[in-house]
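Engineer: Sequence:
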Amino acid sequence: MFKGFTRFLQSPGTHLRTLFGPQDASGGQAGPRIISRDQHPVSRQHFSEAALKVLYRLHNAGFEAYLVGGCIRDSLLGKMPKDFDVATDATPEQVRELFRNSRIIGRRFRIVHVRFGREVIEVTTFRGTHNDDHGDHIAQQSEHGLLLRDNVWGSIQEDAIRRDFTVNAIYYSIADFSIHDFADGMHDIESRTLRLIGDPAVRYREDPVRMLRAVRFAAKLDFHIAPDSEAPIRELAPLLLQIPPARLFDEMLKLFMAGHGVETFRLLRHYGLFAMLFPETDEAMAELAWAEPLIEQALASTDRRIHEEKPVTPAFLFAALLWSPVQRRQAALEADGMPPIPALQLASQQVLSRQLKHISIPKRFSMPMRDIWDLQQRLPQRRGKRALQTREHPRFRAAYDFLLLREAAGEIKPGLGDWWTAYQEGDEHEQRRLLEKAGADAGPGGNDRRRRPRKRRRRGPPTPS
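Per our numbering: the sequence shown = residues 2 to 466.
No wet-lab data here; the hints were simulated from the structure.
Warning: the hint list may mix true and false statements.
[What the hints assert, rightly or not] Calculated cross-link-like contacts (lysine-lysine; reagent style DSS-like; alpha-carbon spacing at most 25 angstroms):
| id | residue 1 | residue 2 |
| --- | --- | --- |
| 1 | Lys83 | Lys255 |
| 2 | Lys80 | Lys221 |
| 3 | Lys221 | Lys83 |
| 4 | Lys255 | Lys364 |
| 5 | Lys255 | Lys311 |
| 6 | Lys54 | Lys80 |
| 7 | Lys83 | Lys54 |
| 8 | Lys438 | Lys414 |
| 9 | Lys438 | Lys386 |
| 10 | Lys311 | Lys221 |
| 11 | Lys255 | Lys80 |
| 12 | Lys83 | Lys311 |
| 13 | Lys311 | Lys80 |
| 14 | Lys358 | Lys255 |
| 15 | Lys311 | Lys364 |
| 16 | Lys221 | Lys255 |
Please model the entire structure based on the sequences and the hints provided.
Structural biologist: This is the structure:
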């Protein structure tokens with residue numbers, strides 16, 4: 002079995018073609034295409050033990066239980082699945098009764114999280130279609146078509162057409178290990194096409210975040226977005242302004258912290274979506290030539306670290322994404338006569354205040370981000386004990402990496418980064434030499450300020466006793 006799966010990983014498209022005849026490839030089937038276990042490569046051995054426990058317990062309790070979405074899509078593409086979503090005809094309350102280690106979450110979509118240590122299995126009830134009999138407490142839409150509440154339960158067929166993309170409407174049955182394809186998703190996997198189910202404009206209005214998901218999947222899977230699915234994106238991009246900032250923060254992490262940040266960023270810019278997420282950064286990139294290269298280099302660094310399984314933090318990415326508007330505001334404040342340090346602090350506050358209206362940034366990330374910015378003022382100041390004090394700052398390493406990005410992007414002249422590299426790598430003698438050189442000359446890229454000697458106060462004549 003493993004030999005067969007290995008061959009499938011090498012050329013999934015070729016093997017998927019053998020599952021269908023020419024007539025099937027045209028799509029438009031009336032019912033689901035059911036592929037038996039001996040005709041597909043997806044195996045239970047690729048699923049987590051937690052996912053299997055949920056599937057079997059639901060099945061043994063008399064409910065339908067399927068794995069659906071990204072885990073099946075990734076398995077068919079030859080990728081090892083990481084996140085496992087279960088679809089069932091059991092209601093959230095029935096699922097909750099079966100699993101003591103679970104809780105019902107959400108109001109807009111009520112789902113159940115079943116926790117096994119750090120792993121969470123998401124269980125959703127088959128969703129149905131809306132009708133006039135459903136009250137606002139079950140299903141509700143805004144006047145623009147945005148789904149405010151969607152807790153209508155239905156059949157697996159209804160659930161499939163309610164999903165976003167055809168490649169995510171593929172179900173794996175734990176009952177007989179077959180695959181159920183409701184929207185020709187298998188053919189779209191073969192052609193590496195991302196296609197919305199239904200009318201794209203309607204589906205985007207129902208949930209504008211689907212536009213971000215389209216970009217994310219296209220970048221992650223190296224798929225192209227079907228022409229009819231990409232056509233409305235630029236026009237409907239402003240609908241993202243209706244989405245709560247807290248939800249967009251979660252989406253931002255998925256977009257930029259999955260190892261495909263550079264391509265994702267370029268697609269967001271291409272479809273006009275980036276301006277809805279970071280409007281002031283988009284404005285700054287139109288004026289500052291170094292702004293876009295700085296962001297791309299920060300994303301490339303993050304992608305590289307993720308692929309090397311090294312730790313990454315959103316604080317560093319936010320620092321790069323918002324630095325250009327901070328610098329633009331700081332320059333305007335300094336032009337009005339404000340000193341550099343207060344100008345930076347005020348500019349940072351103003352940019353962050355505006356950004357929070359679009360994407361919520363928790364303080365655990367915004368505070369380190371501001372430390373990285375503040376240290377950009379301290380890094381050029383290396384005389385005396387300042388270099389040692391800066392080196393001991395807990396955010397020094399992130400600030401140093403950020404300085405190197407600024408130099409590479411052309412915002413500032415190179416040189417200061419080399420000095421700090423040599424200072425970190427040098428022994429005590431080398432560090433002393435570097436400090437003496439910095440004292441005699443601020444060095445390339447530096448802007449040390451010489452302290453004026455303090456005037457001595459003249460003592461008056463002695464007071465007569």
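Engineer: Could you run down the list of hints and mark each one as holding or not?
Structural biologist: Structure-based check of all given hints:
As the CA atoms of lysine 83 and lysine 255 are separated by approximately 14 angstroms, the hinted pair is consistent with the 25 angstroms bound. Among the hinted pairs, lysine 80 with lysine 221 is consistent with the structure: their alpha-carbon atoms are about 11 angstroms apart, no more than 25 angstroms. This hinted pair checks out: lysine 221 and lysine 83 have alpha carbons roughly 14 angstroms apart, not beyond 25 angstroms. For the suggested pair lysine 255 and lysine 364, the alpha carbons sit about 19 angstroms apart, so the restraint of at most 25 angstroms is met.
Only pairs whose Cα atoms come within 25 angstroms are accepted, and lysine 255 paired with lysine 311 is accepted, the gap being roughly 17 angstroms. Between lysine 54 and lysine 80 the alpha-carbon distance is near 22 angstroms, which keeps this suggested pair within the 25 angstroms criterion. Annotation: proposed proximity of lysine 83 to lysine 54 holds, straight-line Cα distance about 16 angstroms (limit 25 angstroms). With a C-alpha separation of about 18 angstroms, the suggested pairing of lysine 438 with lysine 414 holds against the 25 angstroms cut-off.
As the CA atoms of lysine 438 and lysine 386 are separated by approximately 14 angstroms, the hinted pair is consistent with the 25 angstroms bound. This hinted pair checks out: lysine 311 and lysine 221 have alpha carbons roughly 19 angstroms apart, not beyond 25 angstroms. For a cut-off of 25 angstroms, the pair hint linking lysine 255 to lysine 80 stands: about 18 angstroms separates their Cα positions. For the hint pairing lysine 83 with lysine 311, the CA-to-CA distance comes to about 18 angstroms; that is within 25 angstroms, so the pair holds.
Simply put, lysine 311 and lysine 80 have alpha-carbon atoms about 20 angstroms apart, close enough for the 25 angstroms limit, and the pair holds. Simply put, lysine 358 and lysine 255 have alpha-carbon atoms about 19 angstroms apart, close enough for the 25 angstroms limit, and the pair holds. Between lysine 311 and lysine 364 the alpha-carbon distance is near 23 angstroms, which keeps this suggested pair within the 25 angstroms criterion. Restraint check for lysine 221 and lysine 255: the C-alpha separation of about 10 angstroms stays at or below 25 angstroms, so the hint holds.
In terms of the numbered hints stated before, the structure departs from none.
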